[in-house]
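Same order as they appear, the protein sequences are chains A and B.
What the first sequence shows, in the working numbering, is residues 1 to 254, in sequence order.
What the second sequence shows, in the working numbering, is residues 1001 to 1156, in sequence order.
Careful: at least some of the hints might be erroneous.
[What the hints assert, rightly or not] Chain B residues, not near chain A, derived (Cβ > 12 Å throughout):
hint, residue
1, A1028
2, M1036
3, L1043
4, V1044
5, L1051
6, D1059
7, G1060
8, S1062
9, P1076
10, L1099
11, L1100
12, L1118
13, F1151
[What the hints assert, rightly or not] To give an idea of the interface, some chain A residues facing chain B are shown, with a C-beta separation under 7 Å as derived from the structure:
hint, residue
14, T181
15, D182
16, N214
17, K216
18, W220
No lab work stands behind these hints, which were simulated from the structure alone.
Note that beta-carbon positions come from the ideal geometry of N, C-alpha and C, so glycine has one too.
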Amino acid sequence: MTATAESPAVGEVQAMLVTLRILRSKPEGSDDHAPGEQYWQEFQVEAHATDRVLDALHKIKWEQDGSLAFRRSCAHGVCGSDAMRINARNRLACKTLLKDLNPAKPIIVEPIKGLPVEKDLIVDMEPFFASYREIMPFLMTTGNAPTRERLQSPEERARFDDTTKCIMCAACTTSCPVFWTDGQYFGPQAIVGAHRFIFDSRDEGQWDRLEVLNDKAGVWKCRTAFNCTEACPRGIEVTKAISEVKKALTTGAI
Amino acid sequence: MTASSPEFVPGPKIKEPRIVSGRVRPGAEQWSWRFMRLSGPVLVVLILTHLFVNLMTGDGISQIDFAFVAGKWAAPLWQWWDFLMLALAMLHGGNGMRLLINDYAHRAWLNKTLHGALGVAVLGIIVLGSLVIWTFDPCPIDADPSLLPSFCEDVR
Chain A
1 MTATAESPAV GEVQAMLVTL RILRSKPEGS DDHAPGEQYW QEFQVEAHAT DRVLDALHKI
61 KWEQDGSLAF RRSCAHGVCG SDAMRINARN RLACKTLLKD LNPAKPIIVE PIKGLPVEKD
121 LIVDMEPFFA SYREIMPFLM TTGNAPTRER LQSPEERARF DDTTKCIMCA ACTTSCPVFW
181 TDGQYFGPQA IVGAHRFIFD SRDEGQWDRL EVLNDKAGVW KCRTAFNCTE ACPRGIEVTK
241 AISEVKKALT TGAI
Chain B
1001 MTASSPEFVP GPKIKEPRIV SGRVRPGAEQ WSWRFMRLSG PVLVVLILTH LFVNLMTGDG
1061 ISQIDFAFVA GKWAAPLWQW WDFLMLALAM LHGGNGMRLL INDYAHRAWL NKTLHGALGV
1121 AVLGIIVLGS LVIWTFDPCP IDADPSLLPS FCEDVR
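One chain only, chain A, in its complex shape:
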C-alpha cells in the first residue's frame, strides 16, 4: 500500500490557533478611537509552533487587517527594525518563536516603551538616534591618514568585540527604567556605541566621548538594573560595557 495523503508526514509540525493581543493606535483616528489613542485588539491566526512572532504579524497584516503597522526589514535578526515588547519583554519579533511564548495564552505585543508612538508598533526612533549621534560614533584620529590599514592585535580587538555586535534595535534603551522616566538619559545603546570606540586602540577621541558620558545624563544615571543586558537580542553584556566606561572615568585609565 502506498502512502496516502491523509496520513501525517513524519515530523510534521502541528498547526495551532494563536491569539495575539496587540496595542494599536492610529494617528488619524477611527470611528471608535480618537487620533493617537492606544487600544488593544485581538487577532487569531493559524500558525506553527516553529513560526516566529513576525510570521504571525505578517499573517495578520496580509490576511486580516492591512492597516496593522510595524517595522521589519531583513526578518532575520540582523537589521534591528522589529524590536517590540512581546509578553512584557523587549525582543525582536523575527527572533522570537511562538513555542517559546506559551501560545496557549494570548501573546501580548506592544510598541517599545519610552519613545513616542507613531502608529501601532512603530515608534519615533529620533531621540534614540540623537543620543547615538551625541557620542560621536565614528573613528576620530589625528595626524595624516596612513597609506595602509590601521592595524591592531587580536587582544586589542577583543576589548571592544562585544559592543561591535550592536544592531541599534533600541531593545536595550527602551527596556531601561531610567530611560522610561527621563528621556534625557543617553540610554544603554549610546553608551554601548561609545564603548565600541573608547576601547578601540585605533581611535583617539576617547576623552571627547568620555567627557560627554561624564555628564548629568550620562553613565552615572545607570542604576545597574540589568534590563538592557536581558533585553539585548545580540547577547551583548550591556551593563558590563557601561561599567567599563564608568571605570575608565573613575580611574582615568582606558
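For chain A, the structure is supplied; the task is to place chain B on it using the hints.
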C-alpha cells in the same frame, strides 16, 4: 594645502556648539556616584556593629534604656560612631532621593521644591541629631536617679 594651513584631519567634523544634554557641573554626578559606592559599605559596617553591640552583647535587647544610651555616649568612640552613622545615612539616603527626584520630577518648580524640601530635611536632621550627640548630658540635675547610669552618683 599650504604648509601654514591647519593640519588636515580626515573624518566628519563636529558642528560647534555640540548639543549637550543637561550638563550642569562637570564631574558632579561622578562624585555623587563615588560617594554612594564608598558610603554604602561603610554604613553596612557601622550599622551592623551598632546593632550587634546594642542587641547581641550584654543583656541584649532588655539592656536598652536611658542609662544604656547615656553610658554609650559618655565615650567619644560611640559619639563619633553615632555621628558618622547619622551623617552618612542622611547624606546617602538624601542623595538617593535626589536621584529619584531628578528621574521623576520633570516640571522645574516641582523639581526645585522637592530638592529644597529634601535639603532642609537632610541638613535639619543632621544638625538636630548632632546637637543631641555632642551636647548630651547623661546626668541631668533634677532627674530620677534610678533612671541614670551608675557613674552619675560620683558626679553628684
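Hint-by-hint comparison with the structure:
| no. | hint | in the structure |
| --- | --- | --- |
| 1 | A1028 | 8 Å, violated |
| 2 | M1036 | 10 Å, violated |
| 3 | L1043 | 18 Å, holds |
| 4 | V1044 | 18 Å, holds |
| 5 | L1051 | 27 Å, holds |
| 6 | D1059 | 42 Å, holds |
| 7 | G1060 | 38 Å, holds |
| 8 | S1062 | 41 Å, holds |
| 9 | P1076 | 34 Å, holds |
| 10 | L1099 | 8 Å, violated |
| 11 | L1100 | 9 Å, violated |
| 12 | L1118 | 17 Å, holds |
| 13 | F1151 | 48 Å, holds |
| 14 | T181 | 5 Å, holds |
| 15 | D182 | 5 Å, holds |
| 16 | N214 | 6 Å, holds |
| 17 | K216 | 5 Å, holds |
| 18 | W220 | 4 Å, holds |
In summary, the numbered hints that this structure violates are 1, 2, 10, 11.
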